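Enquirer: Under full-length UniProt numbering, think of the first position of the sequence shown as 1, with each following residue one higher.
No wet-lab data here; the hints were simulated from the structure. It is possible that part of the hints are untrue.
[Unchecked claim] Cross-link-like lysine-lysine pairs, in silico, DSS-like; alpha carbons within 27 Å at most: (1) LYS54 - LYS80; (2) LYS217 - LYS93; (3) LYS93 - LYS54; (4) LYS80 - LYS93; (5) LYS217 - LYS80.
The structure presented is a predicted model; accordingly, all values stated were derived computationally and were not measured.
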Amino acid sequence: MTVEPSSPDGANLGAPAQTPASPQKGMFGITGTGDVSGFGGLVRHRPESVGSPKPYGGYFDEVTDALEEAYPGFADAIEKVVVDRDELTLHIKAERIAEVAQIMRDDEALRFELCSSVSGVDYLNSDSRRLHVTYHLTSMTYRRRVRLEVAIPAGGSVPSVTSAYPTADWQERETYDMFGVIFTGHPNLTRVLMPDDWEGYPQRKDYPLGGVPVEYKGAEIPPPDQRRVYQ
Numbered sequence: 001m002t003v004e005p006s007s008p009d010g011a012n013l014g015a016p017a018q019t020p021a022s023p024q025k026g027m028f029g030i031t032g033t034g035d036v037s038g039f040g041g042l043v044r045h046r047p048e049s050v051g052s053p054k055p056y057g058g059y060f061d062e063v064t065d066a067l068e069e070a071y072p073g074f075a076d077a078i079e080k081v082v083v084d085r086d087e088l089t090l091h092i093k094a095e096r097i098a099e100v101a102q103i104m105r106d107d108e109a110l111r112f113e114l115c116s117s118v119s120g121v122d123y124l125n126s127d128s129r130r131l132h133v134t135y136h137l138t139s140m141t142y143r144r145r146v147r148l149e150v151a152i153p154a155g156g157s158v159p160s161v162t163s164a165y166p167t168a169d170w171q172e173r174e175t176y177d178m179f180g181v182i183f184t185g186h187p188n189l190t191r192v193l194m195p196d197d198w199e200g201y202p203q204r205k206d207y208p209l210g211g212v213p214v215e216y217k218g219a220e221i222p223p224p225d226q227r228r229v230y231q
């Protein structure tokens, strides 16, 4: 017979330690169900983002100072500046994004010639401006990177930046297709991944997951959140 070692107070040292209950649900801190899918009632509370104080460090101060000098509407257009994980993000009022993008590209002290990515994020139940659009800019002249970000309500619109960055053409179309963000002034804002008559925007957090029809005997694979019951 094997006897598990015990501590002086009688506790069983061979028993697994109990993990404290996590306030998050789903794949984060889950115990006892093996649920790693994230569909088990995943709940995460996104902390409110606040602006970072100056000095930002590195070249971040040079970028923000140069933009402030080149753009008279800086104080009104920039909602906050956030430095996190050694990355610089400028949160901009949606109606000013095209103006800021043009200056970021053309000003000699900035020279962000490339927009490498335009993408969407849905912070469902965060606030009225749940949809965010992020722009990743690269300065090949100065070897720098910066992120621009705007926030709008569902069904809202953002000026297109294609006049400054032609590479944003299909990227804005994909963001429209997946999140329903309207880019005003875009030369051809049509769906690029889904059929033209598709209803809804698949990457919004409230988009139904849906089942998968199976030809064999008319069966259907249920949606992921209904395949198992996670407690």
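Enquirer: It remains to establish, for every hint, whether it holds in the given structure.
Expert: These are the hints, each one checked on the structure:
| no. | hint | verdict |
| --- | --- | --- |
| 1 | LYS54 - LYS80 | 12 Å, holds |
| 2 | LYS217 - LYS93 | 54 Å, violated |
| 3 | LYS93 - LYS54 | 21 Å, holds |
| 4 | LYS80 - LYS93 | 10 Å, holds |
| 5 | LYS217 - LYS80 | 57 Å, violated |
When the structure is compared with the earlier hints, violations turn up for hints 2 and 5 and for no others.
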